[in-house]
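K.L.:
Using the hints provided, position chain Z relative to the given structure of chain P.
Number of protein chains: 2
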Amino acid sequence: MKAIVPFKVINAKSRLSSLLTVEERTILARLMLQDITRTLKDSGLKVTLLTTMPFEWDAEIIVSEKDLNSALNDFLCVQDEPVMIVMADVPLISHKNVADMLNSPAEIVISPGRGGGTNVQFIRHPKKYHVDYYGASFLDHVRIAADNGLSVEVFDSFNTSSDIDEVGDLVELYIHGKGDASRYLRSITKLDTSKGRVKVVRGGEEGPVTVAHAPAKKYAATE
Amino acid sequence: MKAIVPFKVINAKSRLSSLLTVEERTILARLMLQDITRTLKDSGLKVTLLTTMPFEWDAEIIVSEKDLNSALNDFLCVQDEPVMIVMADVPLISHKNVADMLNSPAEIVISPGRGGGTNVQFIRHPKKYHVDYYGASFLDHVRIAADNGLSVEVFDSFNTSSDIDEVGDLVELYIHGKGDASRYLRSITKLDTSKGRVKVVRGGEEGPVTVAHAPAKKYAATE
Numbered sequence: 001m002k003a004i005v006p007f008k009v010i011n012a013k014s015r016l017s018s019l020l021t022v023e024e025r026t027i028l029a030r031l032m033l034q035d036i037t038r039t040l041k042d043s044g045l046k047v048t049l050l051t052t053m054p055f056e057w058d059a060e061i062i063v064s065e066k067d068l069n070s071a072l073n074d075f076l077c078v079q080d081e082p083v084m085i086v087m088a089d090v091p092l093i094s095h096k097n098v099a100d101m102l103n104s105p106a107e108i109v110i111s112p113g114r115g116g117g118t119n120v121q122f123i124r125h126p127k128k129y130h131v132d133y134y135g136a137s138f139l140d141h142v143r144i145a146a147d148n149g150l151s152v153e154v155f156d157s158f159n160t161s162s163d164i165d166e167v168g169d170l171v172e173l174y175i176h177g178k179g180d181a182s183r184y185l186r187s188i189t190k191l192d193t194s195k196g197r198v199k200v201v202r203g204g205e206e207g208p209v210t211v212a213h214a215p216a217k218k219y220a221a222t223e
Numbered sequence: 001m002k003a004i005v006p007f008k009v010i011n012a013k014s015r016l017s018s019l020l021t022v023e024e025r026t027i028l029a030r031l032m033l034q035d036i037t038r039t040l041k042d043s044g045l046k047v048t049l050l051t052t053m054p055f056e057w058d059a060e061i062i063v064s065e066k067d068l069n070s071a072l073n074d075f076l077c078v079q080d081e082p083v084m085i086v087m088a089d090v091p092l093i094s095h096k097n098v099a100d101m102l103n104s105p106a107e108i109v110i111s112p113g114r115g116g117g118t119n120v121q122f123i124r125h126p127k128k129y130h131v132d133y134y135g136a137s138f139l140d141h142v143r144i145a146a147d148n149g150l151s152v153e154v155f156d157s158f159n160t161s162s163d164i165d166e167v168g169d170l171v172e173l174y175i176h177g178k179g180d181a182s183r184y185l186r187s188i189t190k191l192d193t194s195k196g197r198v199k200v201v202r203g204g205e206e207g208p209v210t211v212a213h214a215p216a217k218k219y220a221a222t223e
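Top line first, the protein sequences correspond to chains P and Z.
Number 172 in our numbering belongs to position 172 of the first sequence; there are no gaps in the numbering.
Number 205 in our numbering belongs to position 205 of the second sequence; there are no gaps in the numbering.
Read the hints as simulated data drawn from the structure, not as lab findings.
Treat the hints with care, since some could be wrong.
Since the list gives no way to pick one copy over another, a pair counts as held whenever it fits inside one copy or between any two copies.
Here are the computed lysine-lysine pairs in the DSS-like style, where the Cα-Cα straight-line distance is at most 30 angstroms [as the list claims (entries may be wrong)]:
1) 178 x 96
2) 8 x 41
3) 178 x 128
4) 2 x 41
5) 8 x 199
6) 195 x 8
7) 195 x 66
8) 128 x 195
9) 2 x 178
10) 199 x 66
11) 66 x 8
12) 96 x 46
No experiment lies behind these values; they were computed from the predicted model shown.
Isolated chain P, as found in the complex (with noise of 0.2 angstroms):
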């Protein structure tokens, strides 16, 4: 069974940009995408990334210029199993949020991300189906899989719900993140609790971090 993760390499995860540089979202990202990757191999997952140019990831890869939804659905296209296309900044997707996807019985499984958008999909027949991101994706791919007479399960999780994309949703992977992308961000941020919905501001209070933030080439297979 595959799983498919879209990657920016370049200028990844810029909506960080008002909190962390840009070296800073570099390490995150590919922080995020090492714990992600991690889970969906220790699953039983064949991981590809899809790139816009070369990377160097033990996946593998597939580089295209064209859009996010064209190709992606070149990929789907040619596929005879299912797969799972998750974003790669899900990063506190968990063994059992995996386990409990593959395990539906509905031939689509989506889990919607924050505001309308998509974040972890399970298809099991890829040639059935296409994907639609942007905008209200969630949506859209509930009416693309009626479309298609394919049945559909919401996946109610709030690990896969929690795309850390604006910097707003970094307290998420703060507070609940158990990889390395957590342990580095408490690292160079802090919790502000003053007032309202608590945030992460600057000010790391664990010290140096000890994770490594190249491109892993290998990786425990522990929890």
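P.N.:
This is chain Z only, laid out in the frame that chain P set:
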């Protein structure tokens, strides 16, 4: 088994005031409470509202002028049976969510809210526990459970993690809601998909709302 729902009768949901009038916020808050109350009752729970003033509702009412934590802890410390605490702004909570929490083997089941909050807690032995809302209450509740030797399950649900507190949260109710609160919201607002994460803005598309917005005395036992 009991559920207790703290409810602010006056000026509820004030952080929605940049989009909704005080009347609209009042109606929306009561419809969310109605949807939640119905789900809890249909799930076999006896519902108590905790308010700061007398209020007419088809539930037991406890009026307390104490702060939220003191009022809830006064309640918990005299309960001999399990208690679920449900915030009044979690309208997506489903029958399955309630059943899954009730069936957890853990002594404390905590559903995190956005930004470090706690949206729903199921407390098997209320006399052995106390609550501490505000700030990063999720972390506080995990710590309180640990301090009291109680096992914890972090409840992984998009539905129960979606608290409708700020204008940016309304999109989750608009897109994913199935109850009267979401129908009302869709009657007075519309989706803006023009850029980035989808937002809810002024301008309803569905015509006049047909749901009752007075405090509902009876609930049909339907999904």
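K.L.:
Which earlier hints turn out false for this structure, listed by number in ascending order?
P.N.:
As far as the earlier hints go, not one is violated by this structure.
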